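Asks: If you read the sequences in order, they're chains A and B.
Numbering of the first sequence is given in this note's numbering, commencing with residue 46 and proceeding in unit increments.
Numbering of the second sequence is given in this note's numbering, commencing with residue 46 and proceeding in unit increments.
These aren't lab readings, by the way, just hints derived from the structure by calculation.
These numbers were taken from a predicted model, which means no experiment stands behind them.
Where hints are given, some of them may not hold.
[Stated by the list, open to error] Not the full set, but computed from the structure, chain B residues with beta-carbon under 10 angstroms of chain A: (1) Phe79; (2) Tyr81; (3) Gln83; (4) Leu89; (5) Thr96; (6) Gly107; (7) Phe108; (8) Tyr140; (9) Asn141; (10) Phe145; (11) Gly150; (12) Leu153.
Just so it is clear, CB atoms sit at the ideal spot from N, CA and C, and this is done for glycine as well.
What follows is the residue order along each chain.
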Amino acid sequence: DGGITQSPKYLFRKEGQNVTLSCEQNLNHDAMYWYRQDPGQGLRLIYYSQIVNDFQKGDIAEGYSVSREKKESFPLTVTSAQKNPTAFYLCASSITGKGYEQYFGPGTRLTVT
Amino acid sequence: AQSVTQLGSHVSVSEGALVLLRCNYSSSVPPYLFWYVQYPNQGLQLLLKYTTGATLVKGINGFEAEFKKSETSFHLTKPSAHMSDAAEYFCAVSYNFNKFYFGSGTKLNVKP
């Protein structure tokens, strides 16, 4: 089955620690995205990548970093510089081009205390 | 700047009643339009999308939406609500470069 895998489902970290969230897709999509979801705020774009070895900042990139070394993988690192990292993180992918929808992973809920 | 407005963060309907969730976008360029559904602690699932052609779009689970360019709207409807429709619904738009803009979501509650 083709799809997007995010792991782990739940993640707990202490304040001051960096943490990396995994996102893997086997849909052969060129474009991948990371969103942050907070109650009542919809989805906010953190980073996106349209091709391997290239990525762009989204609306709330501060305190986050990404890499895109392989087409299938787009890991997100939440650094200690992110002031309020506790949130639900969603990874998505899509075919590059006009009008194609995004496919979403199941999400990772990160709690930092 | 592009934006998407979903009127009503919470909507409550009775089982069997009409579901109407509102979405308006602000852009002079007609976008590609999407509705997604999200169940608690899960990812988003595509319900339907409008790209070109017929302005009334049918999706999964009996939902449909109509693109009205003059009103810059893409409201989601379902004739008869089912308990399983209780979820959060997101409207989204995209333009030419694979960047998507999401509304803040509408939580649908279905009363028995």
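Asks: None of the hints should be skipped; say for each whether it holds.
Replies: Hints, one by one, checked against the model:
no.	hint	result
1	Phe79	holds, 6 angstroms
2	Tyr81	holds, 8 angstroms
3	Gln83	holds, 8 angstroms
4	Leu89	holds, 4 angstroms
5	Thr96	holds, 4 angstroms
6	Gly107	violated, 19 angstroms
7	Phe108	violated, 15 angstroms
8	Tyr140	holds, 8 angstroms
9	Asn141	holds, 6 angstroms
10	Phe145	holds, 6 angstroms
11	Gly150	holds, 5 angstroms
12	Leu153	violated, 15 angstroms
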